[in-house]
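Participant: If you want the building blocks of each chain, they are given just below.
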Amino acid sequence: MSKHYLVGHPGVGKTARLTDRLIELLGSGVRPDRILILVPQESHVGRFKAALALARDAAAASREGRKARRARLSEPEIHTFFGLAQQHVSLFFPRIALRAGFADPHREPVWVNVEAAQYLLDRIVAPRIGEFEHLRMPRSRLLIQILDDLNRAATTGFPLEELADRLASAWHGAEPREQTYRAVQDIALAFRRFCLRHTLVDFSLGMELFRAHLLAADFYREYVAARYRHVLADNIEEGAPIVHDFLRLLLETSETAMLAEDAPGGFRVNLGAAPRSARSLQSACEVTPIPDPRLQPDAPDSPARFGQALMRAINERAPRLALRSSAVEKLYDGAAPARYWATMVQAVADHIGALVRSGVAAREIAVVAPVVEDVLWFELEERLRRYGVGVHAVRPSRPLHDQPLVRALVTFARLGHPKWAQPVSTSELARALALVISGLDVVRAQLIADAARRACGPGGIVALPLLAEPILWDRVGKPFHERYTALRDWLAAWAGGRQAQDAPLDLFWRELTAGPMSQPGFVLGDDPEARGVCDKLIASARAFREVFEQADLASQPIGESSQPPELSVLGLSPRPEVAERVEAGQAYVVALMQNVLAAEYAPERTPDVSEGSILLAPVYTYLTDNYRSRYQFWLNVNALNWHERFYQPLTHPYVLSREWSPGMRWTDDDEQRASRDLLARVVGGLAFRCRDKIYLAASGLTMAGQEESGMLAQALRGL
Amino acid sequence: MNLRPQQARIVNEYAGGKLAVLAVPGSGKTHTLAALAVRLLARGMVGPDAEVLVVTFTNSAVENVQARIRLALRDLGLSDGGFRVFTLHSLANAIVRERPDLAGVTSDYRIDDELSNSRAMAEAARWFMQQERDYWLSFLPSDLTPQQRCRLESAWSDDTVRLGAEVTKLAKHLRLTPADVRALIAEREDQAQELMAISPFLRIGAAIYERYDQMLRAGGRLDFDDLIWAAIRALNNDDDFRRRLGRRWPFILEDEAQDSTPLQEEILALLSREHGNWVRVGDPNQAIMTTFTASDARFFRAFKERPDVRAMPLTVSGRSAPEIIALANRLVDWATRAHPEPDVRRAALSADGIIQPAPPDDPQPNPPAGRIRLQPFDDEDAEAQKVAQSAVRFVLDAPDRTCAILSPTHYFGQRIVQALEEIQARYPQRKLYQDQLRNPQPVRDVARVLAQAVRFCSQPTNMNALVDLRTAMIEAGVGPTGDARDHRVKALLRSARPERLLFPLSDAAPALPPGLALREDEAREVYALAALTARWLRASVLPVDQLILAIAQQLFARENDLAIAHSLASSLRRYMALHPDAHLADVARELDEIASNRQRYLSSSLIEAGFQPVAGQITVTTMHKAKGLEWDRVYLTCVDEVEFPHDASGEFRGQAWYLAGHDPALEARIQLEALAGGAASWTAADLVRRERIEYVAERLRLLYVGITRARADLFISYSRRRMERDNSIALAMREVLRHAG
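Residue numbers (this note's numbering), protein chains in the order written: chain L, 7 to 725; chain C, 237 to 977.
It is worth saying that the hints were derived from the structure and are not from the lab. Careful, some of the hints might be misleading.
Under 8 Å between C-beta atoms, here's a sample of chain C residues computed to sit facing chain L [said to hold, decoys possible]:
hint	residue
1	Val341
2	Thr697
3	Asn700
4	Glu735
5	Leu785
As the structure is a computational prediction, the values presented were derived from the model and not from experiment. Glycine included, each C-beta is placed from N, C-alpha and C at the ideal position.
Turn these sequences into a full structure, and let the hints steer you where they fit.
Facilitator: As structure tokens, this is what we get:
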């Protein structure tokens, strides 16, 4: 059989087999562009790129000139599923637009990013907010749940019209929820109609178009059959059912295929990961389970072995199961962990310090916790500095407005647009300067900001003034004078430039970050991560503007012109409100800073940890980014969020999945089973990615001064 | 654990089922509950995955009970664990946290502490007053001078906030959403209006409730009442979930049960539905939270009377001297048998609560002899002055004893503080008193240090801010040690170049002016301070709550301080969400408001904030906040007919003269209650009378609480003239003292 399905623990060499297979295919003369490689996220592209480079070198060395030339001419396609689906939907859009119900099938579609989707949805939700009276959540949460429902319907493959029925039949509580679910469904449908009317394609509609209008179409089948003769897919357990539908098609149409499943896996619960649906592909393949050498009876004790035992302890509800392992160390004494959170962080830092002194490379050490708060990062960094160790923090899921650099860029946007008349405070300015100018501390930045404030006079700082006082720069330092002036001159030139007056905000940010902020001495010149944040913001602002223009939102009044319902009890007469025209850039900044846009990203990044730094990551990021370490520190093992998923009343990862059949109820027992199952997979996933030793850390009180004891803590009691 | 016979009986005999324990002041309730928990564990009645659930009223009681149980378990050679201690709110939070979706919230819901709560309420009321300014002003008399108008607007505005708060509280207690309230009002309007027209105050209260609720909802926030409500929703929405928690907590021991509201009681009833093991300990005579929390001693009494509930007494108390016990008992006796209002006789105090002194061989014997003195004064000024002087004499003479001046009102407490301030000026070497009227000292200390730290972060070039921060840290006893009055260090910090001191560059220009020879300890202190604050400055790019947490992790080690800092941090995060343009300087100002008592942080009790009386210092606080504490000598002030009325006629607190004697909050409340309960045939006058009887009864219990705070000496005072009117001693006090001779 030419279709293979590999399954095994993380770290047993599945990806290596895929890359070997890639090299083999290329070596056997297959046209590279007939090979499709599917990865779960951008950060996984690297390993296949490396394999390609290797294959090319091998080809060059073997002097098989013809093949080598071809290898240079074309490349295998490496995609995430969404990237590929988006490409194909765009490609075939003219062909499917009419059937899909677009009002103007000849118009070029605009892809709606998450921020713009939230903004649009917010306008649909606003007049109906009263229907959610018995729920308590920020507006942004409500929006995220509705988008989530849209996405789940599309990636699971059920019609949006079934959404309310599905949620309602699983609900069996004392209070009625059906009306609310209906409201959610109505809003989701209204959003869909809005997109169809204005030729906008959001994630869910893109998926829907792909599923309903490409996957089932003969022309697409022929296209795929001709295009992809060989398929390699990694971590298929992380994909949603729609990914597996696509793979099923590929299994039918391609010559060879090799799929790999990580077990335990399926950590992108909130993005619809469906390991069971992945396994349904096994029937069309030859299945090859890959044994784990670390679990052979004669293998030495290892974190993997501990992981397997812990998984069993959790799954079999045997909390007192005796766990014994030399590959694990508790940094707290049995029943009495360190009382304070800060003590725990110190203990972790000290152990890391000792490891590094004993010759372990810092980057081989990882600290993981269910949630990585700013304070944790900051405290760990401060405490490790003494040992000369840095912290490389990877954190997904940060709304843009929570990022200091984004706030700095907003500050500069105000300074570059004096017509907005939004003065900047000295502390905002000081912080922004300290963030973008390398080596500038807050105190010296504050000296500059104070001087700027004095120079600006009564109106406040709406634009940066020229600062030439020698006394100031004597104190602050000459190099900072040049950098300040460079920034100031650039902003002044922008504000004064004629075409800049109407230039969009994303262009402002792009020029600013590509121009002065990328010079030596500025943070973007030195820090690729900061670069990534800027790119994200710019892309978000641009996509937002495109949607804004496509749907002509500027000319539609914002704000509801009805009386607030709170006052209706008084029986007084309503007062109209004034509608005003807004511009995309300003609307973006307002929405951004008022937390309406709470989009969270799984950012694209390379998994390399910088030299001399340990890795600090939330558990799920560690797993989905597929890191490996010699040493792992598990923090807050008492915490509840080791096993708790993110609960939301208006969406449901299990009820809106393919495994759930309509009419079934979802009870707390189901919930417990699901939590247990997920926790077991998580601890297994971590342990199988650790080579030498796991350290468990806990404090009696959380950072907030509360006691917690979760499922993981219970399972670890027998250790 | 050393137990009295009554206590031992409860601990040894209880093996399951529902039990009500009526416990008098000082009878060792908490001690007994802890012993019972240990006993259940020692007898192996709690499985490996289960815990004895202990519910107490305050956070500090949680720590106290935890420590006692741990100690006792260790003494018995048992392993730690197998129990959980919660306040009702933290229990509700633990329930909601496990399944927020069942309660209609998402996992990132936030809890509003009382500070953000009162801020949100004030904001909702302000919104209303702005939206409907003309309507709102129409309640005031029209013929006013500008000065009068200004004063009345401010009074009416305060009353509007109170109105909103009380309607909100009651509506939640009745489980009415804003839409429900609106519907009730609309329904009534459709009917004939012969019985009771809808009060405009209820309409205003309902509008504010709706706005307030909308604000909280939009932020995903739950106030304390919502949290309880949410927990009940979660338990009711999934039987599997409720049963799972019932298995986890097979025994429920509840302290201060008289203060539980019906909603809170319902949580425990739901949790114990399957196993029925629920011990409630309380003293209905100390139920003084009714007005604030919708609790009512009636509920605990009703529980005690249920046929499936066993009752056991805890009536022996070693707290007070025989004279004080006798006085408290006489108050109970008079109130239940001789009070002029028959309804009060039934409702106010329970005769089951007669206190018995401990036998002579008791481990905690009563103080041998006590003193009770009644002192009338001519007016409030004299009362404040003389009481303050007397208390100062006491603490100067007896620096090893504790002493408190308790006032029924915050206002009179402040007059006492003013009087003490003047005396304090003559004793610069000694701290004579602690002002515990509004924000308890620990909260203010934490807030003050954080305010200075945040202020310095907002203006790191201002070395005076650093000096102030240092002073605040030394006063609160945190951070690098030093002498707050050390002028050399201060001067030195002021003359330092901040950038060189905090972020020295490699070229190593001296941070401090040349010529200043530093002592070694001074240098150490200055550099330690610099290292610490530089760290905070680096953290100051973080969101505000994270910055505050970072500061707190380095400054505070006490659990309670950390908890306070955390709640301040989350409160300020909400502040930032409401005011996205606010800066660090605004945050520092907010913290200042709390530190200086201008904004209320925690209203419930001193014990809540971990306060313990200090020997040789006078505690000034309200009778409400004194609950759970004791002092060697207690001054009870304003024991008069204004504060402790004996009948439902006459003038009452809450009545606004500028509204022609209406009490907006009261009227709105009783009408809402009547609408919700369908008591449509009641007249407004009936309802007002009923509310007032309840008030009279509660004030009697407050008096009882005041009396039972004293160990040895009880000094009772009142003024013959108050608020420019003749005044007399409270009838209750006159009667019980008369019988005492």
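Participant: Does each hint hold? Answer for all of them.
Facilitator: Quick rundown of the hints versus the structure:
1. Val341: Status holds, d = 5 Å.
2. Thr697: holds (5 Å)
3. Asn700: Where the cut-off is 8 Å and the nearest Cβ of chain L is about 14 Å from Asn700(C), the hint is violated.
4. Glu735: holds (4 Å)
5. Leu785: Hint holds; Leu785(C) Cβ to chain L Cβ min 5 Å, cut 8 Å.
Consistency with the previously given hints fails for number 3 only.
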